[in-house]
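Produce the complete structure using the sequences and hints provided.
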Amino acid sequence: MGAQIMWFRRDLRVRDHPALAAAAAAGEVLPVFVIDPAFEGVGAARAAALRTAIAALHASTDGALVVREGRPEQVIPALVAEARADAVHVSGESTPGGRRRDSRVEAALEVPLIATGTPYAVSPGRVTKGDGSPFRVFTPFSRAWLERGWRAPAELPERIRWVRGVEGEPLPEPPETTARLAWASEEGALERWAAFLDGPIDDYGEQRDRPDLDGTSRLSIALKLGTVHPRTLLADLDRVAPRRGKAAQRSLKRFQTELAWREFYADVLWHHPRSAWADLGEQLRGIAYDEPREPFDAWCEGRTGFPFVDAGMRQLLAEGWMHNRVRMVTASFLTKDLHVWWVHGARHFMQHLADHDLASNSHGWQWTAGTGTDAAPYFRVFNPVVQGQRYDPDGDYVRRWVPELRHIPGAAVHEPWKWPDGLAHGYAERILDHAAERHEALARLEARGA
DNA sequence: TTTTGAGTTGTTCGA
DNA sequence: GTCGAACAACTCAAA
1 MGAQIMWFRR DLRVRDHPAL AAAAAAGEVL PVFVIDPAFE GVGAARAAAL RTAIAALHAS
61 TDGALVVREG RPEQVIPALV AEARADAVHV SGESTPGGRR RDSRVEAALE VPLIATGTPY
121 AVSPGRVTKG DGSPFRVFTP FSRAWLERGW RAPAELPERI RWVRGVEGEP LPEPPETTAR
181 LAWASEEGAL ERWAAFLDGP IDDYGEQRDR PDLDGTSRLS IALKLGTVHP RTLLADLDRV
241 APRRGKAAQR SLKRFQTELA WREFYADVLW HHPRSAWADL GEQLRGIAYD EPREPFDAWC
301 EGRTGFPFVD AGMRQLLAEG WMHNRVRMVT ASFLTKDLHV WWVHGARHFM QHLADHDLAS
361 NSHGWQWTAG TGTDAAPYFR VFNPVVQGQR YDPDGDYVRR WVPELRHIPG AAVHEPWKWP
421 DGLAHGYAER ILDHAAERHE ALARLEARGA
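Residues in the first sequence are numbered from 1 upward in steps of one, following the working numbering.
Just so you know, the hints here were simulated from the structure itself, not pulled from any lab data. Nothing here was measured: the structure is a model prediction, and the numbers come from that model. Do not rely on the hints blindly, as some may be mistaken.
Across the chosen pairs, the derived CB separations fall in these ranges [as the list claims (entries may be wrong)]:
(1) Thr139 - Gly63: 42 to 50 Å
(2) Leu432 - Pro273: 29 to 37 Å
(3) Arg71 - Ala411: 46 to 54 Å
(4) Asp36 - Arg159: 25 to 33 Å
Yeah, the Cβ is synthetic: ideal placement off N, Cα and C, and Gly gets one too.
What follows is the structure, encoded as structure tokens:
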């Protein structure tokens, strides 16, 4: 039996890994990661998380992982020749770019490219309506998704025989480890999950919308890198649920629903690859947008004069992560207050989010913009002040990220213009009048196509 | 076949 | 202060 290449991509783990199990069952395994030139320009936070995960994978493959730089359609066939491999194993890919890349690699290979499993509990494209067409509304999708169900996590093969002696590039230098970065590795993600599952998740329903608290799993980076598989999480939810109280069970269900959203958006992207960077629906065709100019830069840099928005945008730049509630508020601000097309905002998020996931990012933006699935009612415009008061009731989140406002106590920090000397420490004046721009957004929707 | 009601995440206004 | 109504058009599934 010849060698089997295990080409890792969005699946940087060894546990619950069907493709790795398939490779190990077929022979000796050469684990490979390719640094694709397409990664150039990836933001620093994403790159740091990736390096962390690769270093961990190197350790968990007993040092056998080979890292090569170059175009996959050249690197993978070259490795096949060097290792005299019989097959190349991968986890199935579902994004438009990933599917194109895999087609190129397959065409360049003289051995089979074998896809086993995907980064989802249910592979994109598998959940359909009775007539075989895809869902466009979440709730019916999630019902069908739940009904379809998923396999149990894949067993870690008892022993994997790794191929040695194939030359690779030096391992990318792992960044200085912080607690957050540690959660990007397989071990770290599983530890974080165990700790979250052990108690905090019981309050998830209550606390998930509070950016001032640490009430979420923060596993988005691990899910993005595939250092943990969602099926592992779903199995654990089912395992612990019977021993939890009523309220806690609702929280577990809620967490499951959030995983369903991730699967829904992957499914939508699978059926509509162009929706990654273009309106999914036609409903807003013809609407008037403004070009991204100075106000767009103010939004990117967190100096709009609206504390909740600026806190979020600064957290994004500093941490490569933003709380989901704040993602919605900042997205609403760009699309409804600045009247800029969502694609510009989605690109900025892609650049800076360590957990950037094409399907979730693009369709989350489209949901807010009103161009996507479950088209947001046109009148749903977030008020950045009210949202801050409601979800950051003590103002702690704003003060954490906007030092110029630290002299303002409590919730008053959400309206610094009302506080004596509120703007005395260099914080920006509001760049717009929210009530007026809300009316403007509604008027543009009214006039679309005209 | 047609009808009906519900659909993640909101805000404002007037009683 | 609280509360209900109103604010498109469309998708989907159940009646």
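Original post:
Taking each numbered hint in turn, which are not upheld by the structure, reported in ascending numerical order?
Top reply: Violated hints: none at all, because every hint is consistent with the structure.
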